[in-house]
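**Student:** Assemble the complex: chain A is given as a structure, and chain B must be docked to it using the hints.
Listed below are the residues making up each chain.
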Amino acid sequence: MDNFIEVKNVTFGYKDYDNNNILNETCVINNISFNVRKGEFLALLGHNGSGKSTLAKMFNGMITPDKGEILIEGIRSDDEDRKYEIRSKVGLVFQNPDNQIVASIVEEDVAFGPENLGVPPKEIRERVDEALKAVDMYEYRNFAPHKLSGGQKQRTAIAGIIAMQPDCIVLDEPTAMLDPKGRAEVMSTIKKLNKEKNITVILITHYMDEAAAADRVIVIDNGDLLIDDTPKKVFSHVKLLKEHGLDVPQSAEIAYMLKGGKENDELPINRHRCVEYIVELLNNN
Amino acid sequence: MSLLEVKNLTYSYGVGTPFEKKALDNVSVNINAGEFIGVIGHTGSGKSTLMQMLNGLLKPERGQVFLNGNDINAPKNNIRNIRFKVGLVFQYPEHQLFDDTVRKDISFGPRNMGLSEEEIDERVISAAEFVGLKRELLDKSPFELSGGEKRRAAIAGVISMEPDIIIFDEPTAGLDPNGRNYLLERINDYHKTKGKTVILVSHSMEDIAKYAQKVLVLNKGRIEMFDETKIVFSQVEKLDSMGLRVPQITYIMNKLKEYGYDVSGGVLTVEEAYKELNRLLCRKRGEKC
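Residue numbers (numbering that gives the first Met the number 0), protein chains in the order written: chain A, 0 to 284; chain B, 0 to 288.
The following block holds chain A by itself, in its conformation from the complex:
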């Protein structure tokens, strides 16, 4: 698989300025390298302040590295002349849908992106319809956004990104404010876009069960890359993750405890697999 995003030895710190002098610098990303493959579903985990959201904003050049470089399909993220090209390739969805919705009608909101890209009206119509159908919001196209549930609003925000036809969507805790049903809706939308439209997905989350649905999980800790592996393998490091202030899905945790607390790369990471796992354990022991 081709690399879509290449992160090469990236270092970044937030700075306090006084005139032009740097007063204070807080290092957030510390010499990190990894690649995101085309069509991949990648989850990023890390505690609050670990640098995840900073990294998210780097994927489309909203923040550029102090040292090292980020390449998006070969384009450097700090290439000012090609900024719009990068932004049309990588779309960002944030935690609070209320902060990203600009229009008073759902379909107008979704049209906002393509309108700004100068897409012809007829094509905008097609893109909006297609995007709304992709997130299952087509029947709500004439609704006012404030009449929607949290999950519906967040799906509208995702449709607004899809209408710009990006190759990659970065979602920064998109389900943090949603109820269980809204979370499930957004997660199934994300998975569908990844599988059916082959859109590369980078999901930042605090919910371990959401990360378990990804193809690959990267754990960031204090600006360093801690683990980079498949969810099954990542969540088998129960002790390590807990030491770094993270958690594992309850399915992996109970299996881990029943195994006597040994690290094992075959831990179940969802509830259905866990039931099978325990049944097997109870029958074969």
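Some hints here could point you the wrong way.
[To be verified] Selected chain A positions facing chain B (Cβ under 7 Å, derived; list incomplete):
id	residue
1	V101
2	H205
3	L245
4	D246
5	Q249
6	R272
7	C273
8	V274
9	N283
Source of the hints: derived by calculation from the structure; they are not laboratory data.
Remember, it's a predicted structure, so these values are computed and weren't measured experimentally.
Beta carbons are placed, not taken as given, at the ideal position from N, Cα and C, and that holds for glycine.
**Tutor:** Relative to the frame of chain A, chain B by itself:
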């Protein structure tokens, strides 16, 4: 007599407009002193509306709320005094920090209660300590704090009033697992050591399962269930039909029970599940556990 008695509460938004919507429909519930109540329900089920009526922020369209037997909305009752007794921590409470130092912000409540300066000082320090806010942060501007510290400061502002009932509306949204556990442990402590009544609204079924003694389930403005946590979470399908889930571990154990294994339904934590499953494994191996 219950500490808090809610009788036939009804409330609608946008009355008289084409957008009129009934948020609460004839809701009655009793909450006793010292209980830890979890409140769950999908978005728009009426949770926040109900919570805002418990301390008189919203006035009922019909029905009454009694605190220690007094109707809180009766004209003779000073609603301000009710709010000192029923503290409400909103979602994202850090957005409400407003004063120029953390100390002043936390002292706002106690000062309005008319306490002496010494008492205010004492309350501020103990509230800050309680939420795990370092003392050197007290004289900083709230805006110099990290996100997690801001949230703690905001919660300390309510705790400093030492309300008899404290309501938390999704206190852990946006926090990482460590921050989540820490905050919930503090809330649990407030309940245990001070014997206060805690009402926790959350979308995290795992958190509700771990801490709440009883769970109130709201659906479309009505109370669907109000029972012991174990009993509520053993009703997987009913919760599912309301757009809610049970914790992963509860689902797993309920499934095993369904398959005929000798485990109890409504298991709420991984530790509990471990005990039950380990017992089965030991029995199988013919060992004693």
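**Student:** Next step is simple, just say for each hint if it's right about the structure.
**Tutor:** Hints and how they fare:
{"no.": "1", "hint": "V101", "verdict": "violated, 21 Å"}
{"no.": "2", "hint": "H205", "verdict": "holds, 5 Å"}
{"no.": "3", "hint": "L245", "verdict": "holds, 6 Å"}
{"no.": "4", "hint": "D246", "verdict": "holds, 4 Å"}
{"no.": "5", "hint": "Q249", "verdict": "holds, 4 Å"}
{"no.": "6", "hint": "R272", "verdict": "violated, 10 Å"}
{"no.": "7", "hint": "C273", "verdict": "holds, 5 Å"}
{"no.": "8", "hint": "V274", "verdict": "holds, 5 Å"}
{"no.": "9", "hint": "N283", "verdict": "violated, 9 Å"}
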